[in-house]
Amino acid sequence: MTWTRKDLLGIEELSREEIELILSTAESFKEVSTREIKKVPALRGKTVVNLFYEPSTRTRVSFEVAAKRLSADVIHIATETSSVRKGETLIDTGRNIEALKADIIVVRHNCSGAAAMLARHVNLSVVNAGDGWHEHPTQALLDIFTLKEKFGRITGLQVSIVGDIAHSRVARSNIWGLTKLGAKVMVCAPEILIPPGIEEMGASVTHDIDEALRHADCVNVLRMQFERDTEAAFPQQLEYFKQFGITQDRIRKAKKNILVMHPGPINRGIEISSEVADGHNSVILEQVTNGIAVRMSVLFLVAQANDQLEKHEDTH
Amino acid sequence: MKILIKGGRVIDPASNLDVICDVLTQDSTIAKVSKGIKTEADYTIEATDKIVMPGLIDMHVHLREPGREDKETVESGTRAALKGGVTCVLAMPNTHPALDSVEHIRLLKNIIKNSAHAHVFIAGAITRGRLGEELVDIAGVKREGVVAITDDGYSVDSDVLMLEALKTAQASGMLVICHSEDKKLSKNGVVNLGLTSTRMGLRGISKESEYKRVQRDIELAEEAGARVHIAHVSCKESLELIAAAKKKGIKVTCETAPHYFSLSEEDVLGFDTNMKMNPPLRSRQDRVVIREGLADGTIDAIASDHAPHTENEKDIEFERAEFGVVGLETLLAASITELVEKGVLSWPDLVAKFTVNPARILGLSKGSLKEGADADLTVVAPKEEWLVEKTSLVSKSKNCAFLGRALKGVVEYAICSGRIAYPFKNNSRKKNR
Chain X
4 MTWTRKDLLG IEELSREEIE LILSTAESFK EVSTREIKKV PALRGKTVVN
54 LFYEPSTRTR VSFEVAAKRL SADVIHIATE TSSVRKGETL IDTGRNIEAL
104 KADIIVVRHN CSGAAAMLAR HVNLSVVNAG DGWHEHPTQA LLDIFTLKEK
154 FGRITGLQVS IVGDIAHSRV ARSNIWGLTK LGAKVMVCAP EILIPPGIEE
204 MGASVTHDID EALRHADCVN VLRMQFERDT EAAFPQQLEY FKQFGITQDR
254 IRKAKKNILV MHPGPINRGI EISSEVADGH NSVILEQVTN GIAVRMSVLF
304 LVAQANDQLE KHEDTH
Chain W
48 MKILIKGGRV IDPASNLDVI CDVLTQDSTI AKVSKGIKTE ADYTIEATDK
98 IVMPGLIDMH VHLREPGRED KETVESGTRA ALKGGVTCVL AMPNTHPALD
148 SVEHIRLLKN IIKNSAHAHV FIAGAITRGR LGEELVDIAG VKREGVVAIT
198 DDGYSVDSDV LMLEALKTAQ ASGMLVICHS EDKKLSKNGV VNLGLTSTRM
248 GLRGISKESE YKRVQRDIEL AEEAGARVHI AHVSCKESLE LIAAAKKKGI
298 KVTCETAPHY FSLSEEDVLG FDTNMKMNPP LRSRQDRVVI REGLADGTID
348 AIASDHAPHT ENEKDIEFER AEFGVVGLET LLAASITELV EKGVLSWPDL
398 VAKFTVNPAR ILGLSKGSLK EGADADLTVV APKEEWLVEK TSLVSKSKNC
448 AFLGRALKGV VEYAICSGRI AYPFKNNSRK KNR
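Protein sequence lines correspond, in order, to chains X and W. Just so you know, our numbering puts the end of the first sequence at 319, numbered straight through with nothing missing. Just so you know, our numbering puts the end of the second sequence at 480, numbered straight through with nothing missing.
Think of the hints as simulated: they come from the structure by calculation, not from any bench. Some hints could be false.
In silico lysine to aspartate or glutamate, DMTMM-like type, Cα no more than 25 Å apart, as pairs [claimed, not checked]:
(1) W/K437 / X/E194
(2) X/K33 / X/E289
(3) W/K283 / X/E203
(4) W/K230 / X/E194
(5) X/K183 / W/E270
(6) W/K259 / X/D95
(7) X/K104 / W/D362
(8) W/K445 / X/D95
For reference, chain X alone in the conformation it holds in the complex (with noise of 0.2 Å):
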């Protein structure tokens, strides 16, 4: 199996064999950052620009240490300090930053498909870094990845997703990359935030938080954002944490190894409990270990496989 995308821009399209190969290289990655020097060269002489649209802290910081691990100049551009302000389209600052001889953008955008739609008119790589509600394919990734390191294997784990499916890109790279591995996933939130069509994605529906974590090796906790939608029916904050925030009385009744994750950032006391996510279940700080390991495996493979396309095209 070789990886042959110049972009990462989402699970959906990617085979389950593809997903292992970035699980495979990302854990020969791990081991680098236990070194005493944590380099490795096989990005040296690369540029990575980080294209944030839309605040970010841990996936930028999270992208930015994983490209310098592999020895890749990085750039950051955010948005509210550059020429977007000034009215410069996406497809525009993605020419501007090829015209500047760099290799891969890594983009978080607030629209879905920007990703997409940047990858199309650039030759460069793009690795989606956060479209919209679409899809965060290196958060699935690295959730997978820590649950695969602790369990041994994907294939027939329970999976329940909490929080605002209808809103999350997180959710849904996970219910593709989890059922394209033979988990089986669970969303569970109010009904509101469930999104039309959601098992055809291949997830079961469940707005009894009891009953999602009954069977579950993993719960995976998403953010809460209250401040997102002024739409009608949006749950109240104290009303859903009574009803579905993850405490330590309900962790106590799943089973024993059950492991609670969470992209981050939490919001203590709305979604998760400080006793759950500090708690011995928790592996909340290892997705954010593991998440620098996948991304390197990500930016290597797309730099490596567009080197290959270009060395291609000189040929012909």
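With chain X fixed as given, assemble chain W onto it according to the hints.
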């Protein structure tokens, strides 16, 4: 000027004609339709293996003029029409200014007089500025030759005002065309609500937003005793309502557009903004039902909903891109490819959806090859295939849903008022404007 079209398969549903014969035009009228016409003509078209039909009528076209000449003009839009075999278009009123007054109608009429290459009929607005608040002077715009009224792009939300519009229109013998959409239900959706909107992480447009408004518009038409025409029908439920209303004797007609019987929501999954239109591409099942509706006659007409937009408005983030696609140049070919070739419609049934049916709906003395009728004809090579590419389109805008597809049916001639309007002559009729 005499044009003789020899030996084509002449299809004219208005006179129940489907026969291999000749057609002779004399100046701006059809002089004779029969076998073996022997006469000296100024121009002779050998039409063996070609189909000869009345010039197509596209009853849903956004020419964008006045106001958005960067997207399209009467000049460029009517050229695109002719290339697609369309000799009559109905221009929609969502221009800037909107076609909501005698003055604005006259403005467009003047532009048409100076620059149109094909016949342009005008749809006026129902309400001032298409804001849904105050009716236009319906009798006044009727006197200016407006053949229908519509707030296309919007529906008149107020039941009271819509009823009044229908009653007033009925009294003036004016057709009301409904863009049936309840924006309170479609919200800010951009693709079909359901698995597609969920997969793409985009806001969905429910079918309810369409068919509930179709239902209301039919009910109000019944109450007013008025005629209504439902534009761009995209889903099963709307069609069922229309079929039931027709059965009941309510004076309702409807149209669909080629994208609704050719494409479905799967085609939008790649975030191609040329697949973004309103109503959105629906499910495969809806596509099947639309084809059935065409076959059983529930759908009276096929119209392009030609909606040109610039690249700056289309080649951007999906949810920010404008709704709509150009369609004048692919209207006939897409219909041949998807309907005739696939056995959904016979040739005469297809031709009727472009000619006699829209002519009757709009009350035009067009769409027929009877002797003495207007000499508007289209000659098409039905089996010839072409690739839809940006460079092959003459419309100012290239936002076509069929880009990259091979379609069957090449228009060889469009004859408009007895002269050969397509193929274009070099610098044909470019007046100073």
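Practice prompt. Starting from the hint list further up, note which numbers the structure goes against and sort them upward.
Written response: 1, 5 and 6
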